[in-house]
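Engineer: First to last, the protein sequences are chains E and C. For the first sequence, the positions run 1 to 468 when this note's numbering is used. For the second sequence, the positions run 1001 to 1280 when this note's numbering is used.
Possibly wrong hints are sitting among the right ones.
Okay, the calculated bits of chain C under chain E, using three or more residues with CB under 8 angstroms as the criterion [what the hints assert, rightly or not]:
(1) 1025-1034
(2) 1178-1189
(3) 1259-1271
If you're looking for bench data, these hints aren't it; they were derived computationally from the structure. The C-beta atom is built at its ideal place from N, Cα and C for all residues, glycine as well.
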Amino acid sequence: MKNKVSPKELNSEERIESFKEVVLGYGGQEAVEEAKRCLQCAHPRCIEGCPVGIDIKKFIFQVAEKDFKGAFFTIKEKNNFPSICGRVCPAEYQCRKYCVLTKRNSYCASKNSINIHFLERFVGDYGIDRGLQLPVRANSKLTAKKAAVVGSGPAGLCIAGELARVGMQVVIFESLHKEGGVLRYGIPPFRLPRSILQNEIDYLKKIDVKIKLDTIVGRAITLDELRQKFSTVFLGLGAGVPSFLGVKGENLANIYSANEFLTRVNLMHAFEFPRYQTPVNIGRHIVVIGGGNTAIDSARVALRTQVINGLKPDVSVLYRRTEEQMPARRLEIEHAKEEGIKFRFLTQPTGFFPDGESFVQETESLECRLGEPDSSGRKRPVAKEGSNFKIKSDLVIIAVGLQSNRLLTSLTPSLKTDQWGNIIVDKDMKTSVPNVYSGGDVVGGEGTIIEAMGMAKKAAQAIINSSI
Amino acid sequence: MKILNKKIIAETNQIKIVRFEIYSPLIASKGNPGQFVMVMADSHSERIPLTLVDRDSKSQSITLIAQEAGFSTRRLARLQAGDSLFSILGPLGQPTEKKNYGKVILIGGGVGIAEIYPIAKAYKKYGNQITVIVGAKTKDLLILRKELEEISDSFYVTTDDGSAGSKGFVTDRLKELIDKENYDFVYAVGPLVMMKAVSDTSKEKEIKTAVSLSVLMVDATGMCGCCRVTVAGQTKFTCIDGPEFDAHEINWQEVIRRNNMYIDKEKHICKLDKLNKNEK
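So that you can see chain E by itself, here it is in the shape it has in the complex:
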């Protein structure tokens, strides 16, 4: 068995001084070598692990044969954004976990499993560099149809492309002043360079998708008004409102939700203050609470703000379970550790204390141990009584998940939601309102980019089928 090929990375000292991409990706020769490690299983299980069912075996074979263009179109049959997903997919819990080289019953992929995501990224970037795109095949029965897409995140961008390619007239409505949704405000540029996102947006514009920024559907335009003007509406509103812990002192100054912190830096460029005028405070001792990708992204962004401002890096992530149970991608956890981020596991914050006046100064926590499994199947953290301890923290970022945003649904009573406020859809992603479809996190709760895309593709197919 050949050794796996790891892509080059920026060294950690260089990384933390900027928002430059950390993983540099494969060159052609490296991709071919890695692809040649694939055993080309007779019954490839990796494909089952892919939320959109990419023919992984085939595209890897094409890479091994140096047919990069062929590989690109193989992936594109199922995945609109290989360059994005190749960078942000939690492949170790998806395709790679089912790779035959992963040990059976592992909770995530073995390191030796094929680097499917890096190969996908290589192929996607190859396509971008050569301007490859799926051809537009306008269907004369569809060219008079108009579709409104609400939200320009992963689901919205995906369905806009799907519908425009068959000739529908598509308009995207976005509330922010820039497109991309979570790909812009949430995922930091060192994981997803903005040029990759921009490429997808430019492509949509090229195939005549119109994008209306600064437009809040629900308030500026109601869903009913959209339905009158468009034959179909797709709601890709995203996950929405940040959750907080509900503990003492949580609204002290310098306690941010991850969404706020990331939006200030990623969307509003607060790290370039005062050239950009949105401020963000820089902590000397930063604490991040949570165990998901958003927590890791926040920690790594926060560390960079310290270094860029000439401070000694000091960022700790507090998580109430153990490392193995962290939902974050393994690669990101490794990168975070390399960059000097500290982790405190089995730690449950119970309150925040000020420096006398308004700013947070200390985080109090309890130590936990793992108890019986909860409804998610993971062992429940149980706090040890009397184990309280305080750590210095002059800036805190809370990344403990999101609840649905009810802005549109509360203004549209006919749009049915479940007990969590997520929009209810049928198997074709149809909502309770005629001709209105939905997908992404507003349907599934917090999910991945590729899951959002998968739902958008399903909705697109249903829309096309019902329109012909």
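Knowing the structure of chain E, use the given hints to seat chain C on it.
Structural biologist: Only chain C this time, still in chain E's reference frame:
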């Protein structure tokens, strides 16, 4: 969106208050009293909330009034008629309730006077008897005086320096009024400390009081939680749950502290701005 008209409506050596009419068909057709918009002057600006002061469906325009308070509002105030705003989003927030409370006192402090104007108009329309108190540092900063006087049943002016109306704060006048007569509802907009003072004053007589909070926001659609406040012990988002809240239930200390989070940054950027100007 294009600025159709710009007028400096109040000015002293230090402070300028500017009124903009901005072409914005969607907001002009949908905006309601009590709502606000988010504005970016240019691509590098902060996103700042401004109250929707008026709208005109004929010219498809909205009116915004901004006081030069910090860097971002000064940047905004430099724009001229014919310029375009980089971004404007709205209408946002819950509209004010269209209700007949009975006898209502409306209080506007500083640029907050602009913000009670649409509320006063709406309350008048719904049959309320309205008493308006407007307060400013000095006479030259009193705005919309004529407009408000016209629609109010009683109208009072206070200035810090006594240059117009009675010398003192809006709360002095408020206390006088509620000591003499019964009122059903108080509505105040102005600086946070003023609103807190109004809240404390009206609480003594247990008169239901609403304020429209102007706090720091980023997206203003519920996504970030920057604008969170504690109301009746619960965390609320000003952008989607507000901006109006029951004044007596607000944790004022927390709101004021959170809103001063970036004072150092603000000083820094204002100093740089001054240096740049001097160089020119």
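Engineer: Taking the hints in turn, state whether each one holds.
Structural biologist: Comparing the hints with the structure gives:
| no. | hint | result |
| --- | --- | --- |
| 1 | 1025-1034 | holds (count 3) |
| 2 | 1178-1189 | violated (count 0) |
| 3 | 1259-1271 | holds (count 7) |
In terms of the numbered hints stated before, the structure departs from hint 2 and from no other.
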